[in-house]
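Protein chains in written order, with this note's numbering: chain A, 200 to 582; chain B, 189 to 499.
By construction, these hints were calculated from the structure, which means they are not laboratory data.
Treat each hint with caution, since some may be false.
[Stated by the list, open to error] If you anchor each label on the Cβ, the simulated ranges turn out as follows: (1) Leu420(A) to Gly246(B): 46 to 52 Å; (2) Met227(A) to Glu314(B): 27 to 33 Å; (3) Leu262(B) to Ile395(A): 37 to 43 Å; (4) Arg248(B) to Ile395(A): 37 to 43 Å; (5) Thr474(A) to Val480(B): 32 to 38 Å; (6) Lys235(A) to Tyr410(B): 43 to 49 Å.
For glycine and all other residues, C-beta sits at the position ideal for the given N, C-alpha and C.
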Amino acid sequence: MQYIEAHQVFIEIIMRLWLVWLCIFVIMVSSYIVRKRLGLYGKIYNSFTGVIGLCIVLFWFLCAIFADQIAPYDPLQQFYQLKRSKVGAFDVETGVTFLLGGDNLGRDLFSRMIHGSQTVLTIAPAATLIAFLVGVTLGLPAGYYGKRIDAILSFIANLILAFPVILLFYLLVTPGIRETFVPVGMAGLFFLFPIIFLFLVLCSRYRERPVLLSMQLSATLLVGVWLYASLVFNADPFHLLSLEPNELNIFAAVIFASSPGIFRIVRGLAMDIKTRDYITAAQTRGEGVWYIMLWEMLPNIRGPLVVDMCLRIGYTTILLGTLGFFGLGLSPESSDWGSMINQTRKYIRIVPTMVLPATLALSSLILGFNLLADVLREQSLKD
Amino acid sequence: MFIFIIKRLFIMLMTMMVLTFIVFYLVNMEPNLRKLAKEQSNNRITEVEVQTWLEKNGYRRPIIERYGEWLLNLSKGDLGYSTRFRKPVNNIMPQRLQYTGILAFWVMIVMVPSALLIGILAGMREGSKVDRGLSVVSIVSTATPEYVSGIIFTVIFSSWLGWLKGIAKAGDVTFINFTLPVMTMAIYGVGYIARMTRASMTEVMTSQYIRTAHLKGLSFHYIVCKHALRNALIAPFTVIILQFPWLLTGVVIVEKLFNYKGFGWVLIEAAENNDIDLLLSCSLVSVFIVVVTQLISDIGYVFLNPRIRVN
Chain A
200 MQYIEAHQVF IEIIMRLWLV WLCIFVIMVS SYIVRKRLGL YGKIYNSFTG
250 VIGLCIVLFW FLCAIFADQI APYDPLQQFY QLKRSKVGAF DVETGVTFLL
300 GGDNLGRDLF SRMIHGSQTV LTIAPAATLI AFLVGVTLGL PAGYYGKRID
350 AILSFIANLI LAFPVILLFY LLVTPGIRET FVPVGMAGLF FLFPIIFLFL
400 VLCSRYRERP VLLSMQLSAT LLVGVWLYAS LVFNADPFHL LSLEPNELNI
450 FAAVIFASSP GIFRIVRGLA MDIKTRDYIT AAQTRGEGVW YIMLWEMLPN
500 IRGPLVVDMC LRIGYTTILL GTLGFFGLGL SPESSDWGSM INQTRKYIRI
550 VPTMVLPATL ALSSLILGFN LLADVLREQS LKD
Chain B
189 MFIFIIKRLF IMLMTMMVLT FIVFYLVNME PNLRKLAKEQ SNNRITEVEV
239 QTWLEKNGYR RPIIERYGEW LLNLSKGDLG YSTRFRKPVN NIMPQRLQYT
289 GILAFWVMIV MVPSALLIGI LAGMREGSKV DRGLSVVSIV STATPEYVSG
339 IIFTVIFSSW LGWLKGIAKA GDVTFINFTL PVMTMAIYGV GYIARMTRAS
389 MTEVMTSQYI RTAHLKGLSF HYIVCKHALR NALIAPFTVI ILQFPWLLTG
439 VVIVEKLFNY KGFGWVLIEA AENNDIDLLL SCSLVSVFIV VVTQLISDIG
489 YVFLNPRIRV N
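Chain A on its own, in the form it takes in the complex (with noise of 0.2 Å):
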């Protein structure tokens, strides 16, 4: 085993991501050139710190899209010569070379690194997006009704909010858990929104032309029985789909965790609006209360939201990396970031770097989607 110099470490890394840095140059210039008609997403180009912000969260994004074509090997391939290796370390036998240095197992840390990306970034957003679907759809009512409604909505929000994140954690994610229909009957509550969500918008907006509406309604009860019997029940007619069981109940739980936050959000929002002249003037036109909700408060209330949804994707990341730090749902062999805190730290006293790629990844994506919500508050208050 030897050792190649840290500038030649860092020049080959640099390499490596060409693609990435090339695709960050093409999406940056391009949107710069047109920001003024991109509207709020164009104005994180006004600030320096927001282009930093959406260059960390753009950089890895597309090193999640081109994770195959970046690491050099395969992120649970072993070769024991590496093993617990150091920065720069190299077989002169094999010629196989690790930028950052080898695990335990003699994993190449910067493969798992870049392929670790890509459970973040699909389970990070995905589970926010529906935990989104989930609070918007039980807040604008209970911020626009109050009363029963509100009561009945906001006690079970401060019921699980209540709870502490890792006690409900060890509750939900565990392999005992999964026999029973706990996951499953959790999944299919909350995948169930989504559907739920575009039907109301749907319904709301075209109820005068029948024929329009009831194509869109089919097409989309089609997409979404199909997505639905694919991720919930693994019941997938093409093949094309599928959830692993651990994965719909680390689903399941963020999306518990996080859901009652963007409900108190919504219905914040939604009972500061709901006096404003034009909702007033919606209800005097005699339009349908999801109407007034979805169509009239839903777009005004949508800058805080976003911003929350930045600030969200990020502290999901956190709860991600949490789980795998626990050890809690994802495969042991996973290559996600808390994972790899999980396996690395042990060794901190042989190798310190070990455990580096994995923190400052997850520290550096979190910073990214901060950044970004922190300038896109900024921005939306401006005007």
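We have chain A; now place chain B onto it with these hints.
Just chain B now, kept in the frame of chain A:
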């Protein structure tokens, strides 16, 4: 005010009942009970023996009856028997809570003043270089969860420099022993409180009476200390009180990370071994802390801000 508190106390009680029942239901699901039976009999038992063990130890009675029994014992002050540590929960809890209390106390001592200072300095002059710099610092701190900062600190201060210990012994309050866990927990919380303080401070600094004070010719220093601070600290008060529940989650991570044998460590042990009574007591304690802090923050907010009245 009195009726408000009574109402809140009732809701608190309801919340605790429902939540402990949910925990009770989940830990008593079939796979968890089987795991418990196997773990208690050193894993070497057949399926039939599992069933007889569960039958013999009374785990097969209706769940409502057993939950009622637990509540009855709770009202007598008996928290039950820990199957993991093989002694009554009453003998375990106080000591562990005290250890965690000491840790949380030092976290608060470090976190709150530094967060308030950062927030006030940043919010004093909105948009200045100090503000920009401190805002970035607080964003970075909120983006670093405990399991990231704790590990990085251990690498730097313990493995590399050798100044501090990577493992914290419970109850031993020394600089070498306590700095890493306290620092790890404080850093994640500082950013959040600092940002709240900053937001509140900037709002106060743009208000009319501050402008009047400026026009009267008072010095900037005097205005900040005498006029702005008192009003700017109302909003962060709620945030700081509501940090206690968050501290609970942080405590679990940090105690696992540094092997500090406090409340969080017990919670993990209980959860991993499906120790029913111990886990129920842990949930009871944490839910109690959450609802009590919510109540305190609501009441305190009313007292601090005379513009808000509850009825």
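* Numbers of the earlier hints that this structure fails to satisfy, in rising order -> none
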